[in-house]
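Novice: If you read the protein sequences in the order shown, they are chains A and B.
Quick note on the working numbering: the first sequence kicks off at 1 and runs consecutively.
Quick note on the working numbering: the second sequence kicks off at 1001 and runs consecutively.
Possibly wrong hints are sitting among the right ones.
[To be verified] Label pairs and their calculated CB-CB ranges:
id	chain 1	residue 1	chain 2	residue 2	range
1	A	Asn25	B	Pro1221	28 to 36 Å
2	B	Pro1124	A	Gly29	37 to 45 Å
3	B	Leu1223	A	His47	46 to 54 Å
4	B	Arg1047	A	Pro31	43 to 51 Å
5	B	Glu1089	A	Gly51	41 to 49 Å
6	A	Arg4	B	Asp1016	43 to 51 Å
7	A	Asn25	B	Gly1093	47 to 55 Å
8	B	Cys1101	A	Pro19	40 to 48 Å
The set of hints was computed from the structure by calculation and includes no laboratory data.
In this text the structure is predicted, and so the values were computed from the model without any measurement.
Ideal placement from N, C-alpha and C gives every residue a C-beta, glycine not left out.
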Amino acid sequence: MTARRTREQMAAALARDIPDGSYVNLGIGMPIAVLRHWRPEQEIVVHSENGILGMRERLRPPVLFPPGPDGGAPHA
Amino acid sequence: MGINKMVRSAAEALADVHDGATVLVSGFGLAGQAIELLDALAEQGARELTVVCNNAGSNDTGLGRLIGLGRVRKLIASYPRGAEMGAFEEAYGKGLIEYECVPQGTLAERLRAGGSGLGGFLTPTGYGIELARGKETRVIDGVGYVMEAPLRGDFAFVKARAADRWGNLVYRKAARNFGPLMCMAARVAIVQVGEVLPLGAIDPEHVVTPGIFVKRVVHLPGLATPAEALRNKENAA
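Let's have the full structure, built from the sequences with the hints guiding it.
Specialist: The structure is reproduced here in structure tokens:
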């Protein structure tokens, strides 16, 4: 029987599959977990549902002046 | 380095332009026309080209030179006549070049449709006249419209003021014209710029063409604008 992978393990595996220099259209929901697994020096340009080209990890609350909602409700 | 659109020379940037390619050429007259890329294409030698451009080039430089050399099979343009467009008039008079007349706004919107993945659009321009012949038409609320098809290119030749190595572009005033649309509508957008800026130096709010639409950037510093070149010539005379 295969061991079940956690969400973070799946996200880490997905992040490893994307080559540096890629443009990625990232779906809202579970897929955005992958954002946490790219290193800052990797130039991977994420296109998000809210129109941002170059999205990175979500801001953690509290956000006093949010730049805008992402499609998954919290702020990008 | 993750993303680097910079190439070393114009020749390298357009080495793969093939015979029969469709090339989108930005510019309103000389403003925003990528003269140096077009001159490099003349040296490269590709033939049987279809060119989409607002005009037909100026004298014996850039697009005018390509047409004069017989490299352009078909021109899709809104205004190919005028004092400096002798190369086109001569080729057309001899039946050496095909011409498709597209009103300027229709040209821009056809490129936008091509770049945005749309199947076409309805415009009142041209309804009821020769331009609409053979095209689907509709009447909506009493106004007649012509169905126009999207335009796409294998390559775009564009001139911008500055780029970073991701290919984010800013333009110079009205020289912007068709550049942003053509970068979107071409499979391979090749851009010549006078200045290369470090990544992050262009405020994201000021980026006109995002780098995702640009494949190659050539740095050609120190070139005078067409108006400056003309003034220099007049002053020298």
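Novice: Next step is simple, just say for each hint if it's right about the structure.
Specialist: Evaluated hints:
1. For Asn25 of chain A and Pro1221 of chain B, the Cβ-Cβ distance of about 35 Å falls inside the hinted range of 28 to 36 Å, so the restraint holds.
2. At about 43 Å, the CB distance of Pro1124 of chain B to Gly29 of chain A agrees with the hint of 37 to 45 Å.
3. In this structure the supplied range 46 to 54 Å is violated for Leu1223 of chain B paired with His47 of chain A, their Cβ-Cβ distance being about 33 Å.
4. Our hint of 43 to 51 Å for Arg1047 of chain B and Pro31 of chain A holds, since their Cβ atoms are close to 46 Å apart.
5. Checked against the hint of 41 to 49 Å, the pair Glu1089 of chain B and Gly51 of chain A passes, with Cβ atoms roughly 45 Å apart.
6. For the pair Arg4 of chain A and Asp1016 of chain B, the beta carbons lie near 47 Å from each other, so the given range of 43 to 51 Å is met.
7. Between Asn25 of chain A and Gly1093 of chain B the C-beta distance comes to about 49 Å, which sits within the given range of 47 to 55 Å.
8. For Cys1101 of chain B paired with Pro19 of chain A, a C-beta distance near 45 Å keeps the hint of 40 to 48 Å intact.
Violated hint for the displayed structure: number 3, the only one.
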